[in-house]
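First to last, the sequence lines map onto chains E and F. Under our numbering, the residue at position 297 of the first sequence is numbered 297, and the numbers go up by one with no gaps. Under our numbering, the residue at position 76 of the second sequence is numbered 76, and the numbers go up by one with no gaps.
Treat the hints loosely; a few may be bogus.
[Stated by the list, open to error] Okay, the calculated bits of chain F under chain E, using three or more residues with CB under 8 Å as the criterion: (1) 29 to 36; (2) 60 to 71; (3) 107 to 119; (4) 373 to 381.
[What the hints assert, rightly or not] Listed below are several chain F residues computed to face chain E (Cβ distance under 8 Å; list not exhaustive): (5) Val19; (6) Lys131; (7) Thr144.
[To be verified] Not close to chain F: a few residues of chain E, all C-beta gaps over 10 Å, as computed: (8) Arg9; (9) Gly30; (10) Glu68; (11) Glu168; (12) Leu406; (13) Glu409; (14) Arg413.
No wet-lab data here; the hints were simulated from the structure. Glycine is no exception: its CB is placed at the ideal position from the N, C-alpha and C atoms.
There are 2 protein chains.
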Amino acid sequence: MRQSRLFTRTRHDAPADEVSKNAQLLIRAGFVHKEMAGAYSFLPLGLKTLNKVIGVIREEMDGIGGQEVTLTGLQDPAVWEATGRFDDEVVDVWFKTKLKNDTEIGLGFTHEEPITRMMREHLLSHKDAPKLVYQFQTKFRNETRAKSGIMRTREFIMKDLYSFAKDEEEHLKIYQQVADAYHRIFSRLGIGEDTYQTFASGGVFAKYSHEFQTVTDAGEDVIYVQKSRKLAINQEVNNDEVRADLNVTEGELEAFDASEVGNIFTLGTRFSEALGLMITGEDGEKVPVFMGSYGIGPARVMGVIVEKFSDEKGMVWPDEVAPFKVHLVGLNLEDDAVREYADGVYESLKDNGIDVLYDDRDARPGEKFADSDLMGFPYRVVVSRKTMESGAFEVVTRATGDVRKLSEEELYRDFDSVPE
Amino acid sequence: MRQSRLFTRTRHDAPADEVSKNAQLLIRAGFVHKEMAGAYSFLPLGLKTLNKVIGVIREEMDGIGGQEVTLTGLQDPAVWEATGRFDDEVVDVWFKTKLKNDTEIGLGFTHEEPITRMMREHLLSHKDAPKLVYQFQTKFRNETRAKSGIMRTREFIMKDLYSFAKDEEEHLKIYQQVADAYHRIFSRLGIGEDTYQTFASGGVFAKYSHEFQTVTDAGEDVIYVQKSRKLAINQEVNNDEVRADLNVTEGELEAFDASEVGNIFTLGTRFSEALGLMITGEDGEKVPVFMGSYGIGPARVMGVIVEKFSDEKGMVWPDEVAPFKVHLVGLNLEDDAVREYADGVYESLKDNGIDVLYDDRDARPGEKFADSDLMGFPYRVVVSRKTMESGAFEVVTRATGDVRKLSEEELYRDFDSVPE
Numbered sequence: 001m002r003q004s005r006l007f008t009r010t011r012h013d014a015p016a017d018e019v020s021k022n023a024q025l026l027i028r029a030g031f032v033h034k035e036m037a038g039a040y041s042f043l044p045l046g047l048k049t050l051n052k053v054i055g056v057i058r059e060e061m062d063g064i065g066g067q068e069v070t071l072t073g074l075q076d077p078a079v080w081e082a083t084g085r086f087d088d089e090v091v092d093v094w095f096k097t098k099l100k101n102d103t104e105i106g107l108g109f110t111h112e113e114p115i116t117r118m119m120r121e122h123l124l125s126h127k128d129a130p131k132l133v134y135q136f137q138t139k140f141r142n143e144t145r146a147k148s149g150i151m152r153t154r155e156f157i158m159k160d161l162y163s164f165a166k167d168e169e170e171h172l173k174i175y176q177q178v179a180d181a182y183h184r185i186f187s188r189l190g191i192g193e194d195t196y197q198t199f200a201s202g203g204v205f206a207k208y209s210h211e212f213q214t215v216t217d218a219g220e221d222v223i224y225v226q227k228s229r230k231l232a233i234n235q236e237v238n239n240d241e242v243r244a245d246l247n248v249t250e251g252e253l254e255a256f257d258a259s260e261v262g263n264i265f266t267l268g269t270r271f272s273e274a275l276g277l278m279i280t281g282e283d284g285e286k287v288p289v290f291m292g293s294y295g296i297g298p299a300r301v302m303g304v305i306v307e308k309f310s311d312e313k314g315m316v317w318p319d320e321v322a323p324f325k326v327h328l329v330g331l332n333l334e335d336d337a338v339r340e341y342a343d344g345v346y347e348s349l350k351d352n353g354i355d356v357l358y359d360d361r362d363a364r365p366g367e368k369f370a371d372s373d374l375m376g377f378p379y380r381v382v383v384s385r386k387t388m389e390s391g392a393f394e395v396v397t398r399a400t401g402d403v404r405k406l407s408e409e410e411l412y413r414d415f416d417s418v419p420e
Numbered sequence: 001m002r003q004s005r006l007f008t009r010t011r012h013d014a015p016a017d018e019v020s021k022n023a024q025l026l027i028r029a030g031f032v033h034k035e036m037a038g039a040y041s042f043l044p045l046g047l048k049t050l051n052k053v054i055g056v057i058r059e060e061m062d063g064i065g066g067q068e069v070t071l072t073g074l075q076d077p078a079v080w081e082a083t084g085r086f087d088d089e090v091v092d093v094w095f096k097t098k099l100k101n102d103t104e105i106g107l108g109f110t111h112e113e114p115i116t117r118m119m120r121e122h123l124l125s126h127k128d129a130p131k132l133v134y135q136f137q138t139k140f141r142n143e144t145r146a147k148s149g150i151m152r153t154r155e156f157i158m159k160d161l162y163s164f165a166k167d168e169e170e171h172l173k174i175y176q177q178v179a180d181a182y183h184r185i186f187s188r189l190g191i192g193e194d195t196y197q198t199f200a201s202g203g204v205f206a207k208y209s210h211e212f213q214t215v216t217d218a219g220e221d222v223i224y225v226q227k228s229r230k231l232a233i234n235q236e237v238n239n240d241e242v243r244a245d246l247n248v249t250e251g252e253l254e255a256f257d258a259s260e261v262g263n264i265f266t267l268g269t270r271f272s273e274a275l276g277l278m279i280t281g282e283d284g285e286k287v288p289v290f291m292g293s294y295g296i297g298p299a300r301v302m303g304v305i306v307e308k309f310s311d312e313k314g315m316v317w318p319d320e321v322a323p324f325k326v327h328l329v330g331l332n333l334e335d336d337a338v339r340e341y342a343d344g345v346y347e348s349l350k351d352n353g354i355d356v357l358y359d360d361r362d363a364r365p366g367e368k369f370a371d372s373d374l375m376g377f378p379y380r381v382v383v384s385r386k387t388m389e390s391g392a393f394e395v396v397t398r399a400t401g402d403v404r405k406l407s408e409e410e411l412y413r414d415f416d417s418v419p420e
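Excised from the complex, chain E in its bound form (with noise of 0.2 Å):
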């Protein structure tokens, strides 16, 4: 894409009551814009950078047979008030409204309930199971504060999982296979090696839930690690009985804050019995089905990784996240052979199928290098009279500040591949 034909601009300073790091950065950068404490739009690049993450997280559900859905943000009291969640006092985020004939509905936090009564009219026997079933999907929750920028918002879209099992074998077979599947997630986001899934307080249910936990000074949990087993354990269950069952002793561990990207939860029959979601299990009686629940907030990951990649400079955006792979910065365009040239160029990195953001904006160059590091794209390749003389290209790495001399040839078919 051109940069002078992107609608957002830059600028210099974050708004004066945006505290935290993540939304300050991204607000500079137009990536987002705040509406009101606790709710942010999404501007081009950073919707690019959202959907980036959310095809990641698809790829991944879809990967261990997830079907994806959409319901809706608005909510049957008659289905909350089965499970005695509609209760203002049994749940304290709950955004309310009202139908014409003043009937109160909710708007949904979380999805258990309506997705348990839909199931019903699908899942009859203990051959309909396993099914997983996800979606992304706009939850509403009345936050008392939010000044956590985009990790902690009023508004947000959700990857909310529920699996459905015949039994608690095969669920437990099903939730080992979505901790993988998350652990491949945060791996590709560029946030694997700082997230742990973390043991957490379980329910009804089972003993433990897990969390993933990703370290960062933003974070709002505290997580004890214990690094060479790569063991997590949130600070609300840390004591003796859970280290003995862990078999680790309290010295061991080391106290991180962290921010929870992802959940996983065993939900049992809570849910299948009250709604009644029963299907005919293999001696012919009515059984409840089994099931668990496992979230994901594409836009918190995305401000996680925010808070622990940026530098003074700005945004560092891993690869698979960033909206644009390369940020080509054109130089000299006042002259007209250049711009040619320079259009040229990134006519045929587009056409090696690069993603690339071309800065061909009438801007000054101390200008186009602030905004560059700020937005922060894994790449930036100057393009200008000296490269079209020299037929040399440098390749800056932002994570790094590494640079690489590429002939134009070695720019189109493998920079990537060309050690720094």
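Could you slot chain F onto chain E? The hints should help.
Same frame as chain E, now just chain F:
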């Protein structure tokens, strides 16, 4: 995809409270699920269909230079108070809700106000114009009645495009570009012939706006059409003055029930003036931006397609909209040799890039054919002991019932191009 893996089931009867034909068929086929009146979830086949519609619209919006964003559902009252539209007496479809601090906020039913405010940070000069910004975003509208299935719901994805021009002349060019794109969209979606760009009331800044109205018995509107000129007038403005403007007589016009699938509006400077979206004009003075807005509801289009093309056996999807192009119906699969052969045909179709749902279920042929007719993909191909022995395949076109006999090679390579 293998139908045995799909979690949805078809059903013989629609829910008793569902009065619209589109929702009855979509529910019976497992495409959508009714959560409550005016709120439908999209299940895998329905979501795939909706995404095809969205994909066509996105391509055409990108084609005219649209840049995609996603604004929030939660709406800051301040920006709506500036235009007088937060008042329930002025706008009667608001859903309102409250933050923890008791501030009343809205759920967006459209986005002129927030997008105008947001553009203040990015659009500074006439040189920045024109810009086209669009989204596929969930609107909430508190409709008093909701009984047209997925054609009129309280929550729906809308494609809303907003244009920002330096003056009226630039605006009118964009307006025409969008109108042309809309014609291409409805043509690709299979409803071009029966969709009329229809004169409707204009508002403050233009005598007319335009609706795109598709003739269907399920339509909520009435339009008056002069067919040979492809001219149409909405009932609300079908008066002497308008007919004189358009040089048409009452006698030439034919009345049709129709459903509004899109609309295009000249907004002028109403929003830019109220919200201070000013740019530096060519002579250095500050001038308000000249705006337009342009909507399409993808689910409404989907509903109209069901209403228009369905027959007594079920739905009939046009090629660009169908969730799958081919329904491969396997028979005699209890015979391992036939199943192995049928699996091979399925894999070969996929390998040749053909989007196919393979009915590999253990079910009676009559049930499979009934489900296939109900789901309504463009082509049905039976694979069975008979086709295995003969090497000949019958391809049935759902819309016409026409049958072609093809060899296995023709099936994989070019069944589209073999005449019926």
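Hint check results:
Given as covered by chain E, the stretch 29 to 36 of chain F passes the check, having 4 residues with a CB less than 8 Å from a CB of that chain where 3 are the minimum. Coverage of a stretch by a chain is defined here by at least three residues with a beta carbon nearer than 8 Å to that chain's beta carbons; for the stretch 60 to 71 of chain F and chain E the count is 6, and the condition holds. Here's how the stretch 107 to 119 of chain F fares: 4 of its residues keep a CB closer than 8 Å to some CB of chain E, so the rule of at least three is met and the hint holds. Under a criterion of three residues with beta carbons nearer than 8 Å to beta carbons of chain E, the stated coverage of the stretch 373 to 381 of chain F fails, only 0 such residues being counted.
The interface hint given for Val19 (chain F) is broken, as the beta carbon of that residue sits about 18 Å from the closest beta carbon of chain E, more than 8 Å. Hint status for Lys131 (chain F): holds, given a least beta-carbon distance of 4 Å to chain E, under 8 Å. This hint holds: Thr144 (chain F) has a C-beta 5 Å from the nearest C-beta of chain E, less than the 8 Å allowed. Remark: the non-interface label on Arg9 (chain E) conflicts with the geometry, its nearest Cβ contact in chain F lying 5 Å away (cut-off 10 Å).
Against chain F, the non-interface label of Gly30 (chain E) is violated: not every CB pair exceeds 10 Å, the least being about 7 Å. Against chain F, the non-interface label of Glu68 (chain E) is violated: not every CB pair exceeds 10 Å, the least being about 6 Å. Remark: the non-interface label on Glu168 (chain E) is consistent with the geometry, its nearest Cβ contact in chain F lying 20 Å away (cut-off 10 Å). With 10 Å as the threshold on Cβ separation, the claim that Leu406 (chain E) sits away from chain F holds: the shortest Cβ distance comes to roughly 31 Å.
Against the 10 Å criterion, Glu409 (chain E) stays outside the reach of chain F, whose nearest CB is about 30 Å from its own CB. Even its closest Cβ contact with chain F, about 27 Å, leaves Arg413 (chain E) beyond 10 Å, as expected for a residue assigned away from the interface.
Against the hints set out earlier in the document, violations occur for numbers 4, 5, 8, 9, 10.
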